[in-house]
Amino acid sequence: MTAFWIILTGSLVAICCSLLGSYLILRRMAMVGDAISHAVLPGIVLAFLFSGSRETLPMLIGAACLGVFTTVIIELFHQKARLQSDAAIGITFTWLFAIGIILISFFADNIDLDQDCVLYGEIAMVPLDMIVSATGWQFGPRPVWILGFTLLLIITFISIGYKGLFITTFNPEYAKAIGISTVFWHYSLMSAVSLTTVVSFESVGAILVVAFLIVPPATAYLIVDDLKKMLILSSIFGLLSAISGYYLAYLINGSIAGAMATMTGVFFTIVFIFQKIRTKNATQVPNF
Amino acid sequence: MENIALETHNLTVSYNRKPVLWNVDFKLPAGQIIGIIGPNGSGKTTLLKSIMGLTPLSSGYVEIFGQQLNEVRSRISYVPQKESVDWDFPASVMDVVLMGRYSPKNLFKRISKKDKDIAAEALEKVNLLEFSNRQISQLSGGQQQRVFIARSLTQNADLFIMDEPFVGVDAATEQAILKLMQEMKEKGKTVIVVHHDLQTAKDYFDWIVLLNTRLVASGPKADIFNEELLQEAYGGKLNVLSKVGELVRQNDFPIREKQRK
Ligand SMILES: Nc1ncnc2c1ncn2[C@@H]1O[C@H](COP(=O)(O)OP(=O)(O)OP(=O)(O)O)[C@@H](O)[C@H]1O
Ligand SMILES: [Mg+2]
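Heads up: the protein sequence lines correspond to chains D and F, in order. So in our numbering the end of the first sequence lands on 288, straight run, no missing numbers. So in our numbering the end of the second sequence lands on 261, straight run, no missing numbers.
Hints in this document: simulated from the structure, not taken from any laboratory. Note that this is a predicted model, so its numbers are computed, not measured. Ideal Cβ positions, reconstructed from N, Cα and C, are used throughout, including at glycine. Mixed in with the good hints there might be a few duds.
Below, in silico cross-link-like pairs of lysine-lysine (PhoX-like), each with a Cα-Cα straight-line distance of 20 angstroms or less [as the list claims (entries may be wrong)]:
| hint | chain 1 | residue 1 | chain 2 | residue 2 |
| --- | --- | --- | --- | --- |
| 1 | F | 116 | F | 105 |
| 2 | F | 187 | F | 125 |
| 3 | D | 176 | F | 82 |
| 4 | D | 176 | D | 163 |
| 5 | F | 109 | F | 82 |
| 6 | F | 27 | F | 221 |
| 7 | F | 185 | F | 202 |
| 8 | D | 163 | F | 113 |
| 9 | F | 185 | F | 125 |
| 10 | D | 80 | F | 18 |
| 11 | D | 176 | F | 113 |
| 12 | F | 125 | F | 202 |
| 13 | F | 125 | D | 163 |
| 14 | F | 27 | D | 176 |
| 15 | D | 163 | F | 18 |
| 16 | D | 163 | F | 116 |
| 17 | F | 113 | F | 125 |
| 18 | D | 176 | D | 280 |
| 19 | F | 116 | D | 228 |
| 20 | D | 80 | D | 163 |
| 21 | F | 114 | F | 125 |
| 22 | F | 109 | D | 228 |
| 23 | D | 163 | F | 185 |
| 24 | F | 221 | F | 185 |
Just so you have them, the derived chain D footprint on chain F, three or more residues with Cβ under 8 angstroms [unchecked claim]:
| hint | segment |
| --- | --- |
| 25 | 45-54 |
| 26 | 94-106 |
| 27 | 119-128 |
My request is simple: use the sequences and hints to build the entire structure.
Have a look at this one:
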């Protein structure tokens, strides 16, 4: 049962991140996902500090707001200070992440968070965090419920907002010309990414969130010709990475989050090579 | 001028305090094909963007059919420069053309059968129906341009604003696009086109706007094609100037106009 809950947790994070990451990649914002996933740290630490070890909904939302705030600062540095966008991203998130680390070390006695947990998460602990009813019935681990609810939210967002996300991603200028607010869709997406990052953080840590946000969508991008297929395929790659990553960790007796992140890279490499061979074979056929 | 499609009033636009458009003031007639012409960097794209509200104005205003942009948005179709989007995007030709049917009102609704029919009809017009399901990255530059035109056709607009629709297309496609524009004109629509080939400009357009940060001239093409104005617009660029001289010397467009009719 322990294995099941861990794999389920990893899979839920993987699918949430892969779906949103697909849009980040297509908007050339992969590094913004990276930035958000680090910059929410001070928010999370403060949330822990105020609410004890259990995060509550308002605290989660507060921490997610910090993620959105990060993207505002990045925009500001980029637009107003005329900084290259990668430099703006670098400055913003390293700075906020560092503040988070200082907060952790400063309040180390008051909260059960440490630097390792921030980077790698504690997915192995997930099954211990059971929701138990008064009668002793176990409802499953708390993170699984939270992540399940988040996934539902994201799927609803993407299906209702499909056209809006599509048009503002492909051709924002045209979207604006017909009166669709690109700002609204930008910040909706950023909010979703922030929320996902915050709720995934505790169980899987920053590195796995970044890996799931970027690598499965990038893998899918190599082979698809359609946005819907990209969303589905990147979810599948995320899911496969979570499952195979768990067993890899079991086999080598290593970090679960690390193994899951490694597997995203393995799938990317396999697909990349496969794709190279395929295009090479295709061009060898004379094409008159 | 009786029927005014578009009016800019003392329009000034700057990037980083450097003016790109300076006090541009003109009125364009409805129901004509209008060319906006000027050298690279003269502010043509910026002019279209400020008409569409995509660039903040430093001063001045734009009126379309005598109204503010927001009131007439649904009657305008904007075709951005082809290079402004990523053609490797995972989308099919149909997906992109269907975007022409999107509006703030139906954004949360599903795409209807009627929308698909309209999109197919537009693809037929630009001769791309057989490519509907193809990914847009697998099209040639000219076909991509036609996808944009098809998208614009589905909008059922009264005013078309196109940024360089003739760039990177072959002669046959150029003629096909021109024919579509003439059909639009016959239906009473107004077509505004950014163009930078002087040679063809005098054949394609009824009305010409010469732009070089400032407005050089705006008027029926017969009044615009004289050496003085073209020199002013393209000022100092010798190789262009010699061509201009040639164009003006031929000075045959009123006659050619008669022949064609
Ligand atoms: N986003 C921007 N930021 C700063 N400067 C800009 C921006 N866009 C355009 N410019 C500058 O404004 C001037 C006018 O540009 P614009 O694109 O309107 O010219 P154009 O007439 O369309 O040129 P082309 O024929 O090359 O398309 C150019 O000098 C350009 O460098
Ligand atoms: Mg231009």
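Taking the hints in turn, this is what the structure says about them:
1. Only pairs whose Cα atoms come within 20 angstroms are accepted, and residue 116 (chain F) paired with residue 105 (chain F) is accepted, the gap being roughly 17 angstroms.
2. Between the alpha carbons of residue 187 (chain F) and residue 125 (chain F) the distance comes to roughly 15 angstroms, so the proposed pair stays at or under 20 angstroms and holds.
3. Our distance criterion of 20 angstroms between C-alpha atoms is met by residue 176 (chain D) and residue 82 (chain F), whose separation comes to about 16 angstroms.
4. A distance of roughly 14 angstroms separates the Cα atoms of residue 176 (chain D) and residue 163 (chain D); the hinted pair therefore holds under the 20 angstroms criterion.
5. For a cut-off of 20 angstroms, the pair hint linking residue 109 (chain F) to residue 82 (chain F) is broken: about 28 angstroms separates their Cα positions.
6. Proposed proximity of residue 27 (chain F) and residue 221 (chain F) is supported: the alpha carbons are some 14 angstroms apart, at most 20 angstroms.
7. Taken as a hint, the residue 185 (chain F) and residue 202 (chain F) pair is honoured in the structure, with Cα atoms around 17 angstroms apart against an allowance of 20 angstroms.
8. For the proposed pair residue 163 (chain D) and residue 113 (chain F), the alpha carbon gap of about 16 angstroms is at most 20 angstroms, so the pair holds.
9. In summary, the hint linking residue 185 (chain F) to residue 125 (chain F) is supported, as the alpha carbons are separated by about 16 angstroms, within the 20 angstroms threshold.
10. For the suggested pair residue 80 (chain D) and residue 18 (chain F), the alpha carbons sit about 16 angstroms apart, so the restraint of at most 20 angstroms is met.
11. With a CA separation close to 25 angstroms, the supplied pair residue 176 (chain D) and residue 113 (chain F) exceeds the 20 angstroms bound.
12. Of the pairs offered as hints, the one joining residue 125 (chain F) and residue 202 (chain F) is violated, with about 25 angstroms between alpha carbons and a cut-off of 20 angstroms exceeded.
13. Between residue 125 (chain F) and residue 163 (chain D), the direct Cα distance comes to roughly 25 angstroms. Violation of the 20 angstroms bound is thereby established for this hinted pair.
14. Proposed proximity of residue 27 (chain F) and residue 176 (chain D) is contradicted: the alpha carbons are some 24 angstroms apart, above 20 angstroms.
15. For the given pair, residue 163 (chain D) sits about 37 angstroms from residue 18 (chain F) by alpha-carbon distance, which is inconsistent with the 20 angstroms threshold.
16. Between the alpha carbons of residue 163 (chain D) and residue 116 (chain F) the distance comes to roughly 14 angstroms, so the proposed pair stays at or under 20 angstroms and holds.
17. Among the hinted pairs, residue 113 (chain F) with residue 125 (chain F) is consistent with the structure: their alpha-carbon atoms are about 19 angstroms apart, no more than 20 angstroms.
18. At most 20 angstroms may separate the alpha-carbon atoms for a hinted pair to count; residue 176 (chain D) and residue 280 (chain D) exceed this at roughly 41 angstroms.
19. Only pairs whose Cα atoms come within 20 angstroms are accepted, and residue 116 (chain F) paired with residue 228 (chain D) is accepted, the gap being roughly 18 angstroms.
20. Restraint check: the Cα-Cα separation between residue 80 (chain D) and residue 163 (chain D) comes to about 30 angstroms, which exceeds 20 angstroms; the hinted pair is violated.
21. This hinted pair checks out: residue 114 (chain F) and residue 125 (chain F) have alpha carbons roughly 17 angstroms apart, not beyond 20 angstroms.
22. Our distance criterion of 20 angstroms between C-alpha atoms is met by residue 109 (chain F) and residue 228 (chain D), whose separation comes to about 17 angstroms.
23. About 31 angstroms separates the Cα atoms of residue 163 (chain D) and residue 185 (chain F), which puts this hinted pair outside 20 angstroms; it is violated.
24. Taking the CA atoms of residue 221 (chain F) and residue 185 (chain F), the gap is about 16 angstroms. The hint holds against a cut of 20 angstroms.
25. Beta-carbon proximity to chain D at under 8 angstroms applies to 4 residues in the segment 45-54 of chain F; the threshold of 3 is reached and the given coverage holds.
26. As drawn, the segment 94-106 of chain F meets chain D at 6 residues by the rule of a beta-carbon pair under 8 angstroms; at three or more, the given contact holds.
27. For the segment 119-128 of chain F, the stated coverage by chain D is not satisfied: 0 residues place a CB nearer than 8 angstroms to a CB of that chain, which falls below the threshold of 3.
In the structure shown, a violation is registered for the earlier hints numbered 5, 11, 12, 13, 14, 15, 18, 20, 23 and 27, in ascending order.
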